[in-house]
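Trainee: Given the coordinates of chain A, assemble chain B onto it according to the supplied hints.
In order, the protein sequences belong to chains A and B. Note that numbering that gives the first Met the number 0 numbers the first sequence so that position 148 is 147, with each residue one more than the last. Note that numbering that gives the first Met the number 0 numbers the second sequence so that position 57 is 56, with each residue one more than the last.
The set of hints was computed from the structure by calculation and includes no laboratory data. Be careful, since some hints might not be right.
Claimed, not checked - Simulated pairs of lysine to any residue, SDA-like, Cα-Cα distance not exceeding 20 Å:
hint : chain 1 : residue 1 : chain 2 : residue 2
1    : B       : 81        : A       : 189
2    : A       : 116       : B       : 40
3    : B       : 81        : A       : 87
4    : A       : 189       : B       : 170
5    : B       : 81        : A       : 53
Protein chains: 2
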Amino acid sequence: MIDNYLTDFLLVIMNFIEKLENSWKISKSLLQVGLDPNPTLFPEEFRNQSNSIFEFCRCIVDATAFYVCSFKLQIAYFSAYKAEDQLEELCSYIRNNYPNLLIVLDSKRGDIYSTSKNYAYEAYERYQAHAVTVNPYMGFDSIEPYLEWNDRGIIVLCLTSNSGSSDFQFLNLSNGEPLYLYIAGLIADKWNKNSQFGLVVGANHTNELFKIRKRIGNAMPLLIPGIGFQGGNIKDTVDAGINIDGNGIMINSSRKIIYASSNNNWMEAAAESARDYCNEINNARCEKIF
Amino acid sequence: MIDNYLTDFLLVIMNFIEKLENSWKISKSLLQVGLDPNPTLFPEEFRNQSNSIFEFCRCIVDATAFYVCSFKLQIAYFSAYKAEDQLEELCSYIRNNYPNLLIVLDSKRGDIYSTSKNYAYEAYERYQAHAVTVNPYMGFDSIEPYLEWNDRGIIVLCLTSNSGSSDFQFLNLSNGEPLYLYIAGLIADKWNKNSQFGLVVGANHTNELFKIRKRIGNAMPLLIPGIGFQGGNIKDTVDAGINIDGNGIMINSSRKIIYASSNNNWMEAAAESARDYCNEINNARCEKIF
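Isolated chain A (complex conformation):
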């Protein structure tokens, strides 16, 4: 009991990177499960259930929590279904039942300072997220309001896993550096004074992932989507992305885990898929370190 109180107390006073390091250590996992709830893909038992989005996600959380360091909740899937209340309930469920795991709200917002204050409040107060994804295009003052919550994380889009990443992110600047690398460097050198920042880098860009880790050093964590359906390779991703401590990354998989099966065994299938990813990542990590 005293141990629990102590853990609760420590979690409250930890900053974002300490919380993340704690979750890596306790979970022994670098896997992040992405919760992208699409009711048309839910198992039969959730049809005609008014809070099916919460219930489906809760089951996935319970099935996979043992194998992950964090959950990423994609807000668009909730807002398209008018399910903001279910997102609140889900965040609260994860916080109460898995206090050592991190909640990343994937919302990719970016706006002028006065508007971003509202987005920060939404992410950190309404949803109680430990970290939030943001878009860098509007520059520092669009991200500044998030820093007021100095125990929370801000994970900036750097090089994304979609095909459109080649439209602008890869553009070479006049100094010869591609835009994505310039952004990574600026954040590492100038913005990350309070260790609140991380970067999103797609697993399908292994060479660039290596360059980014080299450029930013060991401090900043990377959120890495793009394994699974988007084709990223786990071994290469781990090799290129982990830091000197053998962590520093959250490798995200969504659909391959949460929709691993639509049969009666869907929860077991999700757990199994998460376990396999977790092990594959850890094997790659061991090979890299030893």
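Mentor: Chain B alone, transformed into the frame defined by chain A:
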């Protein structure tokens, strides 16, 4: 009565740019009022009212509708207060009472294709917006789902009015062109095949606004924030931004109109402020054309 039916029918079959041209023609205004509802700034009468966000905005809409071509609704101000239902109600109110005016949902989203489909559904179906603002950083496939609603508009951030616009948007590319201008050109040349695109360009960047209009030609409309508190000059903005037909822009003002007064006369003050902006813009327009 037949006239009303005919208008309703025509509005249904018009595409985005036709609807916008219709709203410019009927309203004789290039002004857009930005609805950024902040309850701490509301007049006394709205305190302790459960749907105060809707009610305040509805009053502003009624007070200013005569002087505007469109309303821009900033979603962050609703979501921070758990007021998505009030945003739905407000969109529905504007659609029903001012069918010739356009609703721009200012959400600045951008995500991978499968996620953006949800954001497009949210903007166009849940909120029934005529147009939505989006962030270009993730490239074409992050914006592609919006094109499926081929009567709606997509207004892409190009050069924003905040100080952070200098962090990345002004960066020179290896071909010598600044990023914002490259984005404007790509959209005009490649993406805008169905006349659904517009650009956001801040009024405080008059020289760049001129360059953008020159680069994209007359077709694409510009949403121009940054007058009022952000210091943009109306005459220079109109000179630089309007197209050959003397329109092509929506000049947005939010706080200077909706919080023009916190006294009993707040609705009259909002109407007066909107009327003054509308007239100032039209005077600048006449000077430029004749």
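Trainee: Now tell me, hint by hint, if it's right for this structure.
Mentor: Do the hints match the structure? See the list:
| no. | hint | verdict |
| --- | --- | --- |
| 1 | 81(B) with 189(A) | 34 Å, violated |
| 2 | 116(A) with 40(B) | 15 Å, holds |
| 3 | 81(B) with 87(A) | 10 Å, holds |
| 4 | 189(A) with 170(B) | 17 Å, holds |
| 5 | 81(B) with 53(A) | 17 Å, holds |
In summary, the structure is inconsistent with hint 1 from the numbered list given earlier, while agreeing with all the others.
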